[in-house]
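Engineer: Spelled out from the first residue to the last, the chains are:
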Amino acid sequence: MFYELLQLIRGDTPIGANSYFHILQSLRRTTAGALIGSAVGFVVGILMGLRERAEDFFESWNWVFATIPAVMWAYILILVMGASEYTAIAVLAAITYPQMAFKISRGIKAVRNDLVEMGKAFNAKLFLMLSEVYIPQILPHVFSGFRYSLALGIKIIAIAELVGLSNGIGFMMHYWWSQRNFAPLLAWGSILVFLGLFFEFVVFRTLEKRMFKWTH
Amino acid sequence: MDTLAQKTLEEKYIIELINISKKFSTNNGGELKVIDNLTMRFKEGSISVIIGPSGCGKSTILNMIAGIIDVDEGKILVNGIDIQRDPSYKKSIGIGYVFQQPRLLDWRTLRENVIFALKATGTIPKEKWNEIAEYYLKLVGLEGFLDYYPLQVSGGMQ
Chain A
9 MFYELLQLIR GDTPIGANSY FHILQSLRRT TAGALIGSAV GFVVGILMGL RERAEDFFES
69 WNWVFATIPA VMWAYILILV MGASEYTAIA VLAAITYPQM AFKISRGIKA VRNDLVEMGK
129 AFNAKLFLML SEVYIPQILP HVFSGFRYSL ALGIKIIAIA ELVGLSNGIG FMMHYWWSQR
189 NFAPLLAWGS ILVFLGLFFE FVVFRTLEKR MFKWTH
Chain B
15 MDTLAQKTLE EKYIIELINI SKKFSTNNGG ELKVIDNLTM RFKEGSISVI IGPSGCGKST
75 ILNMIAGIID VDEGKILVNG IDIQRDPSYK KSIGIGYVFQ QPRLLDWRTL RENVIFALKA
135 TGTIPKEKWN EIAEYYLKLV GLEGFLDYYP LQVSGGMQ
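Keeping their order, the protein sequence lines are chains A and B. Position in the first sequence (from 1) plus 8 gives the number in the numbering used here. Position in the second sequence (from 1) plus 14 gives the number in the numbering used here.
Watch out, some of these pointers could steer you wrong.
As a list, the in silico DSBU-like pairs of lysine-lysine whose alpha-carbon atoms are at most 30 Å apart [as the list claims (entries may be wrong)]:
#, chain 1, residue 1, chain 2, residue 2
1, A, Lys221, B, Lys72
2, A, Lys128, B, Lys72
3, B, Lys140, A, Lys221
In case anyone wonders, no lab produced these hints; they're calculated from the structure.
Work out the full structure, taking the sequences as your base and the hints as a guide.
Structural biologist: The structure is reproduced here in structure tokens:
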């Protein structure tokens, strides 16, 4: 497997495109899916956090979305949208959105009322309240939601790419599976593990230290 | 009429609470009336103390005067003006409020916390914020902690 991994790092693939092209395709789809899912989840989460009726409505639907397996989403969306680039992104968005919605709605409910009262006592206007009191309290939940969405996206991008796409890490894994050659299949799979570790330990932990230095 | 304009100079009241009532919802879906038809007047320049057992509504009265919570019935006049109708008025006469527990923005430094209050007034020019914040923090012996976050200083300092 290490030899295959080395080949992959050198950029070699047996079928045309450079390995980095496939990795970048998967990364692009993962990021787009996580961003779209997070954006929808953010809006739904805000509604859930602010309006009890919205929470009653979305809570159960979110759980339905959250429990549908990734592979089932892939087949459902292929039926609806056809096999395309957008289908893979939509699969990721559908899977990541409920997590963000749950996190944001809980974040809004956890906004400290004592600080809202403090702002009112100083007669702070809405913009100041939003920028200094509400958003900084919701931000860790947004951050955590996106972090989770991206981690989930990296885990399932291979499934989304298995069906109907002609590039990406999932496609390459499927190719090697069809060749019954497991060493390169594992090498491609390990790229997803490395990507997950890179985002967690290099990107998110650095951002976290910068953004939330007041907690240390 | 029960307003400041009709009072004599000897009876000049700065804050008047007139027939105010306040109730809160309870966890079991009921209502708890904390303030019931209360009238109080505070003279200008005087020091007043509100005394009562826990839960009798002392903080509620202060919260209503500070405009943090609304009254259900009655009105609160500051300098004869109904603060519910014109909430921005209380700022111009300088109502200050000291909370029982520190209420600081944990994600802002001590300097920025003071600046938050200055920003909220909407009347102090931006270029003065830093200078004023430093002056007051120095006044309370926190000049060495201007750029510390609240969680980095002791409870007493907060």
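Engineer: Could you run down the list of hints and mark each one as holding or not?
Structural biologist: Consistency of the hints with the structure:
1. This hinted pair does not check out: Lys221(A) and Lys72(B) have alpha carbons roughly 38 Å apart, beyond 30 Å.
2. Simply put, Lys128(A) and Lys72(B) have alpha-carbon atoms about 18 Å apart, close enough for the 30 Å limit, and the pair holds.
3. Distance check on the hinted pair: Lys140(B) and Lys221(A) sit about 25 Å apart at the alpha-carbon level, within 30 Å; holds.
In summary, the structure is inconsistent with hint 1 from the numbered list given earlier, while agreeing with all the others.
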